[in-house]
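*Asks:* Chains A and B supply the protein sequences, listed in that same order.
The numbers in our numbering rise by one with no breaks, and the one at position 406 of the first sequence is 682.
The numbers in our numbering rise by one with no breaks, and the one at position 42 of the second sequence is 69.
Where hints are given, some of them may not hold.
SDA-like cross-link-like pairs, simulated, lysine to any residue; straight-line CA separation at most 20 angstroms [unchecked claim]: (1) A:K406 to B:S50; (2) A:K417 to A:T427; (3) A:K379 to B:D108; (4) A:K337 to A:K406; (5) A:K406 to B:G87; (6) A:K412 to B:D44; (7) A:K412 to B:S50; (8) A:K406 to B:P42; (9) A:K337 to A:T427.
According to the in silico footprint, chain A covers these stretches of chain B (three or more CB under 8 angstroms from chain A) [to be verified]: (10) 55 to 68; (11) 85 to 96.
Beta-carbon label-pair distances, calculated as ranges [what the hints assert, rightly or not]: (12) A:L472 to B:D43: 57 to 65 angstroms; (13) A:G435 to B:E85: 47 to 55 angstroms; (14) A:P633 to B:D113: 46 to 54 angstroms; (15) A:F419 to B:M106: 18 to 26 angstroms; (16) A:A639 to B:M106: 51 to 59 angstroms; (17) A:G334 to B:E85: 27 to 35 angstroms; (18) A:V564 to B:M106: 57 to 65 angstroms.
In case anyone wonders, no lab produced these hints; they're calculated from the structure.
Please read these numbers as outputs of a predicted model, since none were measured by experiment.
Beta carbons: idealized from backbone N, C-alpha and C, even for Gly.
Okay, here's what each chain looks like letter by letter:
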Amino acid sequence: MSNETHIPMRPVWDQPDTSRIPFKVYTDEQTHQKELEKLFYQNHWCYVGLEAEIPEHGDFKRTVIGERSVIMVRGADGEINVVENVCAHRGMRFCRKKHGNAKEFVCPYHQWNYDLKGNLQGVPFRRGVKQDGQVKGGMPKDFKPADHGLTQLRVAQRGGVVFATFDQEAESFEDFVGPEMLHYFDRMFNGRKLKLLGYNKQRIPGNWKLMMENIKDPYHPGLLHTWFVTFGLWRADNRSELKMDKHHRHAAMISTRGEGGKNAQTTGVSSFKEEMKLHDPRFLDVEVEPWWNGPTAVMMTLFPSVILQQQVNSVSTRHIQPNGHDSFDFVWTHFGYEDDTEEMTERRLRQANLFGPAGFVSADDGEVIEFSQEGFEQKPFHRSLAELGGREIGDTDHMVSETLIRGMYEYWRKQMED
Amino acid sequence: MSDNWIKVTALDEIPDDDVIGVSVEGRQIALYKYEGEVFATDNVCTHGQALLSDGFLEDGEIECPLHQGRFCIKSGKAMCDPLTEDVRTYDTRVDGEEVLLLIG
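With the sequences and hints as input, model every part of the structure.
*Replies:* As structure tokens, this is what we get:
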């Protein structure tokens, strides 16, 4: 262990690989600003929401990309637009509602108004006021509304999910995700219409990357989430795979319970603690669905903004919304499919209780992220270890590896150190 | 309903190819003189809180000063975004030097 205790100006990697991660990547505000620029605003497609959240013309949802406020809105033509929530005039975040329906966007400060594509429509007193037979004030003659719209983002939709990017040059969404991950994306979003079930929202006092790492870390679920183990949802002998895209930025943790997803109550699989029983066993009333094609859980990270979750019958997106280097909001959108039976909708809702800020297995993720951040802030010259399964990076057919974390930081270094 | 023609202003109160606002029986009315003829509409825009008489009359259309929505002064038709609703028009008549308005 290093005795070096001076605090470097920026993250220092003490070897060529990424098996030791400097704490500084989590504690440095300058690094954070650079991440926002390079990982959220350039080159990357970020999650904004589900089409099912804005079914009607004029429906909108306010959300963020990185730390920029944006609005996802269904226009008068039915197309989905994403615009930046900053007035072209004096820069106000004009939209304050989280969800709503609008015919136009109006900034309350000076009533500049925009159509639902973000084009500037009207500027109060653009031509001045008439006084004593004269026209006074107003915008210069060469003022062109077309030059002063809201920032309009590129939008990609696939399987009912909406992504956007500020980067007009970024590769296509499909190329961004890559064929390896697209396979799992399309498994969950296979063209069936989605049905919105509800939200959970929590603020986690830790660096946003820790949430990506949490879902690239198959080491912890059986150790931290004792609830999973106790009730038989996680077993060390589950068949499992870790897969990445070619850049190693996105990943999927794929696992299949030997029992094909049936719960302990119906199959007699013994839990770790035989004497512990759920008061309401319906939390684990798992029903195998044809679209799974085997895996009972697939946890995907689409870097940098979203986690796509299938844990047995619970399906959700988890949106990472940074606010500073040491905090992020984590927004869960639970959904189902339009052709779900009422029983299946109930089942998905019940199983959603396993997750989220008060969930049986993910309240603890928020806590360990907070405590990790505390450790980093206390010792910013130090580094963490990610050597499980070796120091190299590659897909595996087991869960005892931190290869996905090493892969993410290999990509991170390429983006951040050029 | 019987015709109810009301004197609203003297003809020369309305400048040529321009608009003024008047109040008639509690209603705010915009009066236009365009190519020698007089037209009338409601004065409050159907979109924002603004008086059309503060706007600009061009080519037979009144442009609202607030958000540049334009109405045809003859038909009241909303000609462009952000307008979604036409504005009400009124029949007018010139009797000598007086402008009369038909309030239905």
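*Asks:* Each hint: holds or not?
*Replies:* Checked hints:
no., hint, in the structure
1, A:K406 to B:S50, "19 angstroms, holds"
2, A:K417 to A:T427, "23 angstroms, violated"
3, A:K379 to B:D108, "10 angstroms, holds"
4, A:K337 to A:K406, "39 angstroms, violated"
5, A:K406 to B:G87, "18 angstroms, holds"
6, A:K412 to B:D44, "18 angstroms, holds"
7, A:K412 to B:S50, "25 angstroms, violated"
8, A:K406 to B:P42, "13 angstroms, holds"
9, A:K337 to A:T427, "16 angstroms, holds"
10, 55 to 68, "violated (count 0)"
11, 85 to 96, "holds (count 7)"
12, A:L472 to B:D43: 57 to 65 angstroms, "59 angstroms, holds"
13, A:G435 to B:E85: 47 to 55 angstroms, "49 angstroms, holds"
14, A:P633 to B:D113: 46 to 54 angstroms, "50 angstroms, holds"
15, A:F419 to B:M106: 18 to 26 angstroms, "21 angstroms, holds"
16, A:A639 to B:M106: 51 to 59 angstroms, "57 angstroms, holds"
17, A:G334 to B:E85: 27 to 35 angstroms, "30 angstroms, holds"
18, A:V564 to B:M106: 57 to 65 angstroms, "59 angstroms, holds"
The structure fails hints 2, 4, 7 and 10 (numbered hints given earlier, in ascending order).
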